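Engineer: This is what each chain is made of:
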Amino acid sequence: MKNYRALKKLKTFGQYFIAIFMAVVTFFPLIVTLISSLKTNDEILLGMFSIPKVWNFQNYPDAIRIANALKSIGNSLFVAIATLVVTVIIAMPAAYVIARKSFGYLKAAYFLFMAGVMVPVHCTLVSVSKISSALGTKNSYAFLILIYTAFNLSQAIFLFTGYIQGLDRGLDEAAKIDGCGDLKLLTTILTPICKPIIATEAILVFIYGYSELIFSLILITDSNKYTISRAMLNFTANFTTDYGPQFAFVIMSMIPMLIIYLVLHEKVEAGMLAGAVKG
Amino acid sequence: MFFKSKTYRKSYLKSMLFVLPGIILTVAFVIYPVINTAWLSLNKWNGIGGAPVTWVGLENYIKVLTSEKFWKSMLNALYFMIGGFCILMPIAFGMALLVTSKLKGIKFFKTAYLMPVMLGTTAVGLMWTFMLNANFGVLAQFLRAIGLEEYIINWLATPTVNIWCVVLVNEWMYAGYNMLIFAAGIVAIPDEIHDAALLDGCTGLKKIIHITVPLCKNMFMVFSVICVTGCLKAFDIVWAMTGGGPMDSSATPAVLLYTQGFQYKLMGRSGAISIILLVLGLVLSVLLNNVIFKEKD
Amino acid sequence: MKKKLIAAMTALTMVASTGSVVFADEVNYDVENHEFKDVTITLHTRWDEADVSGPLYQDIVNGFMEKYPGITVECINIPTESEWLNSESVLMSDESSMPNIIQEYGGSRTAGYIEQNLIVDMTPYYEQYPEWKERFNAMGENLTDFTTYGYEGSYGVPFTAYQVMLFYNEEILAANDIDPASIKSWDDLMAACEKLKANGVQPFEMGEKDDYRFGHLHSALNYKTFGVDMAEKLGTREVAYDGEEQKQIYQMIKDAADKGYLGTNLLGIDDGQERSIFNTGGAAFLFMGTWYCAEDKTGNEFYDNEKIHAMRMPYVNEEFALQDMGGGNEAYYVVDTGNPDEVAASVLFLKYMTSEDVVNTFAEGYPSPLCVDITTEAGNYLSKEASAIIAETEDVRGDIENYDIATHMINTVRQALQGIAMGNSVDEVGKTIVDLIAEYE
Chain A
1 MKNYRALKKL KTFGQYFIAI FMAVVTFFPL IVTLISSLKT NDEILLGMFS
51 IPKVWNFQNY PDAIRIANAL KSIGNSLFVA IATLVVTVII AMPAAYVIAR
101 KSFGYLKAAY FLFMAGVMVP VHCTLVSVSK ISSALGTKNS YAFLILIYTA
151 FNLSQAIFLF TGYIQGLDRG LDEAAKIDGC GDLKLLTTIL TPICKPIIAT
201 EAILVFIYGY SELIFSLILI TDSNKYTISR AMLNFTANFT TDYGPQFAFV
251 IMSMIPMLII YLVLHEKVEA GMLAGAVKG
Chain B
280 MFFKSKTYRK SYLKSMLFVL PGIILTVAFV IYPVINTAWL SLNKWNGIGG
330 APVTWVGLEN YIKVLTSEKF WKSMLNALYF MIGGFCILMP IAFGMALLVT
380 SKLKGIKFFK TAYLMPVMLG TTAVGLMWTF MLNANFGVLA QFLRAIGLEE
430 YIINWLATPT VNIWCVVLVN EWMYAGYNML IFAAGIVAIP DEIHDAALLD
480 GCTGLKKIIH ITVPLCKNMF MVFSVICVTG CLKAFDIVWA MTGGGPMDSS
530 ATPAVLLYTQ GFQYKLMGRS GAISIILLVL GLVLSVLLNN VIFKEKD
Chain C
577 MKKKLIAAMT ALTMVASTGS VVFADEVNYD VENHEFKDVT ITLHTRWDEA
627 DVSGPLYQDI VNGFMEKYPG ITVECINIPT ESEWLNSESV LMSDESSMPN
677 IIQEYGGSRT AGYIEQNLIV DMTPYYEQYP EWKERFNAMG ENLTDFTTYG
727 YEGSYGVPFT AYQVMLFYNE EILAANDIDP ASIKSWDDLM AACEKLKANG
777 VQPFEMGEKD DYRFGHLHSA LNYKTFGVDM AEKLGTREVA YDGEEQKQIY
827 QMIKDAADKG YLGTNLLGID DGQERSIFNT GGAAFLFMGT WYCAEDKTGN
877 EFYDNEKIHA MRMPYVNEEF ALQDMGGGNE AYYVVDTGNP DEVAASVLFL
927 KYMTSEDVVN TFAEGYPSPL CVDITTEAGN YLSKEASAII AETEDVRGDI
977 ENYDIATHMI NTVRQALQGI AMGNSVDEVG KTIVDLIAEY E
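The listed protein sequences derive, respectively, from chains A, B and C. Heads up: the first sequence at position 160 corresponds to 160 in our numbering, and the numbers run straight through without jumps. Heads up: the second sequence at position 278 corresponds to 557 in our numbering, and the numbers run straight through without jumps. Heads up: the third sequence at position 15 corresponds to 591 in our numbering, and the numbers run straight through without jumps.
I should point out that these hints are in silico values taken from the structure, not numbers from a laboratory. Since this is a predicted model, take the numbers as computed values, not measurements. A hint or two may mislead.
[As the list claims (entries may be wrong)] Each computed DSS-like pair below joins lysine-lysine, with the alpha-carbon atoms no more than 25 angstroms apart:
| hint | chain 1 | residue 1 | chain 2 | residue 2 |
| --- | --- | --- | --- | --- |
| 1 | B | K381 | A | K107 |
| 2 | A | K176 | B | K289 |
| 3 | A | K8 | B | K485 |
| 4 | C | K643 | C | K613 |
| 5 | C | K873 | C | K883 |
| 6 | A | K9 | B | K383 |
[Said to hold, decoys possible] Going by beta-carbon spacing under 7 angstroms, a handful of chain B positions derived as facing chain A:
| hint | residue |
| --- | --- |
| 7 | A317 |
| 8 | L344 |
| 9 | T345 |
| 10 | S346 |
| 11 | G560 |
In this text, a Cβ means the ideal position worked out from N, Cα and C, and glycines have one as well.
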C-alpha cells in the first residue's frame, strides 16, 4: 500500500513536472515578447533576452495611435463573435443530420464539406472578390462574416459530426420515444451535451475570425473598419523598423482573446459538470 | 427503407433543410471559386481583368509536375506532416490528458497552452525569427553562453534546417489548439468506463492505451484530417518566418501557389497547383477515413 | 451605375453605327473645368501611416477633398509589399473591382496593365495643361515611358525619385584611417573594406533576407560596369544572364560576400535591421536608395552630429562613373474604369498632388528627391548632399530586371542572387536564372 502511494506521488510529481515544463516552453517566448514590448528598437536589436536598460512604456501609446488599436480590437471582436455564432448555428444542424441520418445525399453533403477543408485560401481570392463586387458588398461586415463562416464550416461540421457520432444513440431514441422532434432533440438535448466541442470549435473560430488577414485585406478598405491583422500591417511595412510598438500591439491584442477564452472555458467546464456527457 | 412512408419523406426533406444553409455558403464561397480555379488551371492568364484567357489543356499540370520547385515544396509539406504526426499529435494528446486530469491548477495550464495560437501568425513569426536570429537571437545567446558557439548557424537561411524550424514553431503554436480537440474527446468518455477500468486494475499508461485512445478514435481521425490538409495548405507561418526563401528552399506548395499567381502572374499554373493540392488532400483524407479508421470497427 | 450604363450604351451605338469606337474625341481633357457631383475615386497605395511620409500623403488627400467638395477620395493604403501586391493583383483581376489610381513602380507589371488598355495615357492632359508637364524633371521617365515595351504615350504621374548611393559613417572611417574622398572605384571600396575588416570593423551589414538588396547591387554594378545601356541589352536578352558579362557581376558580389564585407548574417537580417545596425554604428557603410535621407532618424546620434554622409556609388569602369541606378521611385497610374467622371477626377487629383504648393509642403516634411521640381529650400544636410550628387548624374535606370519582357524576372533574378549568400557559385546563379526563364516560357 505504501509502495502504491509512493508510486502515485511520483506519478503526480511527473505530471506536474511535464505540465510545468510545457508551460515554461510556452511562456518563455511570450515573456520575451512582453519584455521586448517595453524596449526601445535599438535595444531589441542588440539582443532580445535581456532586461531593458530603459523601460520604454511609450510603445503602448504609440501602438494605440498608429494602429488605432482600440478601434481595430473592437472591430475584430465583433467580427469574430458574429462569425462564431453564425458558424455554430449553421454547422450544428448539419452535423446532426449527417451524424444521425442515413440519406444518400447527406454523404454527398459531408463529402462537399470535407472538400472545403482542403481548399487553399489563395485560389479563392479572385472569385470571392468578383462576387463581392457583383453584390456591391465592399466594406460590409455581413459579407465578411459569411465568408469567414464558409471557410470555418467544414471544420466545424467535421468536429461536430465526429463528436455526435461518438455519442450514445440511446439518448436520441429515448427522446424520440418521448415525442421529441429533430429540432427539439437538437436544441434541448444534443446541444447541451455537445457543449465541450461547441466551446472548442467556438474558440477555434474565434481565433480565426479575430486574426484573419487575407479576406479582410481585400474586402474591407475603410480604415475605420480595419480588423487587427489589417491594422497591424501599418507596423510591419518594409521601411518601418519599429519593433517595440509591434510587440506592444501583440500584447494588447491578446487580452480580449484571453478573456473570451476564459469565458468559453467556463462553459466547457459547465458542460462537463452538467453530467449529461457522462450519463 | 422498405416503405417510403410519409414520415420518411418528411424526415428526408427536413434533414435537407438542416444542411442547406451550410451547403449554400460552401458552394458559393468555396466550391464556386474552386471550379473557377479548375477552369483557369487549363488556361493561360496573366491575372489582369480583360486580358485574354487562352486554352492550353493540361500544359500547366505537366509544367507543374515536372518542375523541381514543386517537388521540393511537396517535400517541405511532407516534413510538415511528419512533424504533425510525430511531434504535434503526441504533445497535443499528452497536454489533453494533463488538462483533463485531476491536477490542481489545470485551468492555468489549459490557458497557458492555448496562448501561442492567440498571438496570431504574424506575431509568432516575427517573434521566432527574432529568437532564431544568429546575431542577437535568444538561441544564439544561449549557445554562446554554454560555449557551443560553433553550432550557431543561420537556422532560417539553411535549407532543410529552415523548414524544420518553421515546423517546430508551428507545433509550438498549435499544440494547445489541437489539445482542445483531444480534450473534448477525452471529456466525452463516460465515467462508468473509467470506473470499470479502475475495477479491472487498468490504470496509468495501460488505461490510456486500452481505454482512452480507442475511445478518442473519432478525435484522432479529426486530427489526422485537419493535420494532413493543414500541412498541404501551410502558408501563414512559413510566409511570416521565411517568406518561403531563401531561393524557395522553405516554400510549401501553398507558398508556391501564391508566388506563382500573385507575384509571377501565372494564374493558370497557380490554379494547377491548387487543384493538385485539393485532389491530394481529398484522396488522403478519404484513405485515412476508410482504410485506417474504419477497418478497426 | 446609371452613368456607366449610358456610357456603355453610347459606346454600343457608336460601334454599331460606325463600326469602330470613336471615344477619343468625346473626352474632355479640361479636368479643371469639369463639373463633379458626388464622384468617389479609390486610390490603391503603399502609403504607410506609421512612416514620416504617411501623414503628408494624407494631408494631400484632405486638402484635395476640401478644394473639390464634389469628389471623395478613398484610400486603400497597404504598406507591406506582399500584401499590397496581393491586394492589387486581386482588385485588378476584374473590371468591377479596379481602383481608380494605383501606385506602381513601372516595369513589366505596369506594362501588362497598359497592354490591356487599362491605364490612361496622360499625353492629351499634358497638352491641355503644358505648364503641368513642365513641372516634371527627367527622373521619372523610367516610370512613364513604355516605348521599350512598344507603347507610345506617357503613362502615370511620377512622384518621388531615388538614386542608389553609398552612405558612410565618417567617425568609423576616420578611426580606421580611411579617407572617404579616396573611394572612387569599386576596387577602392574593396580595399577600404579589407582594411576595416582587418581592424575588426564590419564594412557593410546587408539585409539580404529581403532579396531586393542584392538585386539592387546587381543592377547598380551593371550600370557602373557596362553603363545604363545594359538594361535594354539584358532586357531583350541580347546579353544572357549566364553569359560572361553577367558572371563578372555575380563574381564581384560573390567575392565581397565571401570575404565577409557585405555582412555577417546576410540571410538572417532584413533591410530594416540593416539600417538599424548602420544607424547605431554597427557598420561603416550603407548601400541604399536616397529614401534613406528622408527616414525618421530620431535618436540617431551619428546623424545628429552630421557624421553620416552620402557619396556616389563607386564605378567599376570609369567611363560610366556618372551612370547610376535610380530614377522615379513611385508613380501613380490612372486606371481607365470606363467612367469619364472618375477618370477626370483622378487626373485632377494627380494634378493637384503635383502642384507647386502641395509638392513643396511634401518635400519639406519628407526630404527625398522628387520627379516634380520644387521651389523650396527644403531638406536636411544629408538630403542636400544626395541632391548635389544626383544633380551631376548623367543617366539612370531602375531595377535592371524590370526592363525584361517577362514579369517574373524581378523575382527570379533576386532569388537566384540570394544563392550567392548561400554559397552558390556564379555558374549556378546564371544557370538558375536561365533554367527558370526556360521553365516559365
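Engineer: Would you mind marking each hint as holding or not holding in the structure?
Structural biologist: Each hint, compared with the structure:
Annotation: proposed proximity of K381 of chain B to K107 of chain A is violated, straight-line Cα distance about 39 angstroms (limit 25 angstroms). Distance check on the hinted pair: K176 of chain A and K289 of chain B sit about 15 angstroms apart at the alpha-carbon level, within 25 angstroms; holds. For the hint pairing K8 of chain A with K485 of chain B, the CA-to-CA distance comes to about 15 angstroms; that is within 25 angstroms, so the pair holds. Only pairs whose Cα atoms come within 25 angstroms are accepted, and K643 of chain C paired with K613 of chain C is accepted, the gap being roughly 13 angstroms.
Among the hinted pairs, K873 of chain C with K883 of chain C is consistent with the structure: their alpha-carbon atoms are about 13 angstroms apart, no more than 25 angstroms. Distance restraint check for K9 of chain A and K383 of chain B: the Cα-Cα separation of roughly 14 angstroms lies within the 25 angstroms cut-off, and the hinted pair is therefore satisfied. The beta carbon of A317 of chain B comes no nearer than 9 angstroms to any beta carbon in chain A, farther than 7 angstroms, and the hint placing it at the interface is violated. Hint status for L344 of chain B: violated, given a least beta-carbon distance of 17 angstroms to chain A, over 7 angstroms.
At about 21 angstroms, the closest approach between the beta carbon of T345 of chain B and any beta carbon in chain A exceeds 7 angstroms, and the interface hint on this residue is violated. Contact between S346 of chain B and chain A, as hinted, is not supported at the beta carbon level, the nearest pair being about 17 angstroms apart and thus beyond 7 angstroms. For G560 of chain B, the interface hint holds, since its Cβ comes within 7 angstroms of a Cβ in chain A; the closest pair sits about 3 angstroms apart.
Figure legend: structure checked against the earlier numbered hints; hints not met, in rising order: 1, 7, 8, 9, 10.
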